[in-house]
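J.: Sequence:
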Amino acid sequence: MKSLRTLLILLVCFGLAPLMWAQVALAPSFVFIDENSGVGNVFVSNNSQEAYEISIDFAFGYPDSDAEGNLVMNYEDSGAYAIHALDEMIRAFPRSFVLQGGEQRTVRIQVLPNQRRKEGAFFTRMKVLAQPQAREVTETVVEEGIGTRITFNFEQVTAVFYHKGRVSTGVEIKGVDVRQNEGVLELRPHLLRSGNAPFLGSMYARLKDKNGRVLAETQSTTTVYFDEIRRIDLDLEGVETGSYELELSFETKRNDMMASDLVQAARVVHVQEVRVN
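Just so we're aligned, residue 1 is where the sequence shown starts under the working numbering, counting upward by one.
Quick caveat, the hints were computed from the structure, so don't treat them as lab data. Keep in mind that the hints are not guaranteed to be accurate.
Claimed, not checked - The calculated lysine-lysine pairs, modelled on BS3-like cross-linking and capped at a C-alpha distance of 27 angstroms, are:
1) K174 <-> K253
2) K208 <-> K174
3) K118 <-> K174
4) K208 <-> K253
5) K127 <-> K164
6) K253 <-> K164
7) K208 <-> K127
8) K174 <-> K210
Using the sequences and the hints, build the whole thing.
T.: Right, dumping it as structure tokens:
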């Protein structure tokens, strides 16, 4: 007897380059629909020699956090859906197609004409499912006369944004939870987004001595969609025991997004004294 198992590999994109984990790749990594034309393009490339069946769907969600500042996806926020969801406002053309080995296809994401008058900041997640068409990617394991065939389907997920009319964003730092864990200073800022658009930018942390000399620093891309906790760690190697100034700042600047795509905000800086033991 043979049983068929299908393993769905979910690849969530927050990276700098096009999605290259699977045979089928997407570019760009984030889709920004043009405010004037109401159109955004995604390039789907098949880097393998096999044909893949491609299907595209949308699911409203955004990067949230748990109490420890770990990143978790939230697909259950009905309140945010009612205000910000793009799902019913857009269509993908084509929505399903076959991509031969080595081919590339342009998928157009278009805001429906009757939705073009809505103003605000809208977003969703685009899911691209790639399934082998003719020759499946299989692995056969024989054990006591039972054969198991594993088929790999690849689902890649990326964010889609659309801004129309007056949009603004910003971050309010309500407080910072500071913990020292061996040689690392764990920082968990509690953040509240202002304005009507997600904050997409970078988070910077610096540890300074009394003379303003930077002893440790790090940075990370970040998002703040609503009321969230983020985490960033400072390596304390070479930092002696004592009291220092911690500077935590947020800027609407990222290397993986064009400045013209980002809703801009003033730089936000939080400073507090911390003790290193």
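J.: Which numbered hints are broken by the structure, listed smallest first?
T.: Failing hints, ascending: 3 and 7.
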